[in-house]
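One-letter residues, chain by chain:
6 protein chains.
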Amino acid sequence: MKLSARNILPGTIFSVTKGTTTAHVVLELAPGLIVTASITNQAVDDLGLVEGQPASAIIKASDVMIGVA
Amino acid sequence: MKLSARNILPGTIFSVTKGTTTAHVVLELAPGLIVTASITNQAVDDLGLVEGQPASAIIKASDVMIGVA
Amino acid sequence: MKLSARNILPGTIFSVTKGTTTAHVVLELAPGLIVTASITNQAVDDLGLVEGQPASAIIKASDVMIGVA
Amino acid sequence: MKLSARNILPGTIFSVTKGTTTAHVVLELAPGLIVTASITNQAVDDLGLVEGQPASAIIKASDVMIGVA
Amino acid sequence: MKLSARNILPGTIFSVTKGTTTAHVVLELAPGLIVTASITNQAVDDLGLVEGQPASAIIKASDVMIGVA
Amino acid sequence: MKLSARNILPGTIFSVTKGTTTAHVVLELAPGLIVTASITNQAVDDLGLVEGQPASAIIKASDVMIGVA
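Those protein sequences? They're chains A, B, C, D, E and F, same order as listed.
Note that the numbering used here gives residue 42 to position 42 of the first sequence, counting from 1, and the numbers run on in steps of one.
Note that the numbering used here gives residue 9 to position 9 of the second sequence, counting from 1, and the numbers run on in steps of one.
Note that the numbering used here gives residue 9 to position 9 of the third sequence, counting from 1, and the numbers run on in steps of one.
Note that the numbering used here gives residue 17 to position 17 of the fourth sequence, counting from 1, and the numbers run on in steps of one.
Note that the numbering used here gives residue 12 to position 12 of the fifth sequence, counting from 1, and the numbers run on in steps of one.
Note that the numbering used here gives residue 69 to position 69 of the sixth sequence, counting from 1, and the numbers run on in steps of one.
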């Protein structure tokens, strides 16, 4: 499936932490560059997400803010 | 200001495209790794965003999805 | 690509309206059941979205609110 | 209350699963067409959400992505 | 309609600025406390939003970040 | 850091409730005007959020809906 999302950032799963309903998945995009996703436990199970697996972080442009020092 | 957002990705502004009310700002995080943000024109003006400027993409963990091939 | 998003709703593109930077895409999921997406013009062009085309609305569970009468 | 949200999809609550702070509510919009919402437990309690109850999924257009095969 | 959204902040419309597809609506919640919403032009028209009108800003808890000095 | 987010609402932390992975933080912006944020437990720990602490609610304009009676 091709997505309208402007940001599809490939990486590797660094960790998966499941809560009661919500899980946190940490992706490493490049050495030292990590992204954390908060998704449902159900999604973790459906996709069979495990550490070391290739995966992408997908982010809609309207969900990205800009900060300057 | 320190933020609760889990994802604060430093980079350099590659382009700024203003529309009538909404602007698209493209950041380069690393060579070939870009992130697009859709923000208000007003924010572009307030922050004085221009190409080549250091800036960060800020993304809440709950706005990140995961995709696997 | 398999997605963590809990909501992938298949339909047909009913209309595409481009603004200066932001486009509105209306999908018909079933007769009388429509969903509107606000995405970048660039995404419309990249995906070549046109009326009558099969497409899905993809929505993260954390972006869905519930309302009761 | 009338809402700016472009997507107000009526259905029936299929299931309510509460976690420690976050609940998942599944709505059936039409036979076989379900939508999952991730909301606070507090909202579940305030609205008194239970299986079989009529309810709507409310989604802002800027939170909808488009995918094509 | 009763909403799961945790944040329903009543105020008065201070300004409405329409773009080509996307509008910015500024609400005053209290003297000096304003909130800006980016919504579709279509929503502005459907709700008939005008300056001086009572209206509420509605925000899902998962869309609120916290910052500390 | 200066942010593109149009809504940076200063207040005081009224309560912090941690779940297994997700926490709810309630801010009081003015007497009787509260905002609830759903953030990661990790963010609560990183920022050291406690009741009575000054903090701001940060909300992107595209995450604000408008409702009228």
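Take the hints with a grain of salt, since some may be wrong.
Now the stretches of chain C that chain D is said to cover, found in silico as 3 or more residues with beta-carbon under 8 Å [unchecked claim]:
1. 6-12
2. 22-36
3. 56-64
Sample of chain F residues facing chain D (criterion: CB under 7 Å; computed from the structure) [to be verified]:
4. 12
5. 15
6. 24
7. 67
No wet-lab data here; the hints were simulated from the structure.
We put the CB at the ideal spot given by N, CA and C, even for glycine.
Right, here's what the structure says about each hint:
Coverage of the segment 6-12 of chain C by chain D holds. Counting CB-CB distances below 8 Å, 4 residues qualify, and the rule asks for three or more. Beta-carbon proximity to chain D at under 8 Å applies to 8 residues in the segment 22-36 of chain C; the threshold of 3 is reached and the given coverage holds. Coverage of the segment 56-64 of chain C by chain D holds in this model, with 9 residues showing a Cβ closer than 8 Å to a Cβ of that chain against a need of three. Nearest Cβ of chain D to the Cβ of residue 12 (chain F): about 20 Å, over the 7 Å cut. The hint is violated.
Interface restraint check: residue 15 (chain F) against chain D, minimum CB-CB distance 11 Å, threshold 7 Å, status violated. Given the 7 Å rule on beta carbons, the hint for residue 24 (chain F) holds: about 6 Å separates it from the nearest Cβ of chain D. Restraint check, residue 67 (chain F) versus chain D: the minimum CB separation of about 4 Å is within 7 Å; hint holds.
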